[in-house]
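> Sequence:
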Amino acid sequence: MASYHQRAIAHYNKMAWPCVCWTGTLVLRKVFENTAEAETRKFQTNWEGPYVVAKAGDSRAYHLQTLDGVSLLCPWNVSNLKQYYQ
4 MASYHQRAIA
14 HYNKMAWPCV
24 CWTGTLVLRK
34 VFENTAEAET
44 RKFQTNWEGP
54 YVVAKAGDSR
64 AYHLQTLDGV
74 SLLCPWNVSN
84 LKQYYQ
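Our numbering runs 3 ahead of the 1-based position in the sequence shown.
By construction, these hints were calculated from the structure, which means they are not laboratory data. Being a predicted model, the structure only gives us computed values, none of them experimental. All clues stand as given, with none of them false.
Simulated pairs of lysine-lysine, DSS-like, Cα-Cα distance not exceeding 30 Å:
{"hint": "1", "residue 1": "Lys85", "residue 2": "Lys33"}
{"hint": "2", "residue 1": "Lys58", "residue 2": "Lys85"}
{"hint": "3", "residue 1": "Lys85", "residue 2": "Lys45"}
Sequences and hints are given; from them, build the entire structure.
Here it is as structure tokens:
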């Protein structure tokens, strides 16, 4: 059982792509159902942004701000962000 557990961990770590974002990095934020615009169900965008990483917090949480410099209220987890390439 322990060897299976170790192999599963090794496989996950090999396949996982960590999103490492530094201050100033442009990212996209995932759109959830409660934050989406009304009546745009099927054709809504899955990501919104770009946003600038203002501060990298603890435990993979990032504080974001808009391109105009307005900070968002809550920090966002790295699992809900992806890097924006221009």
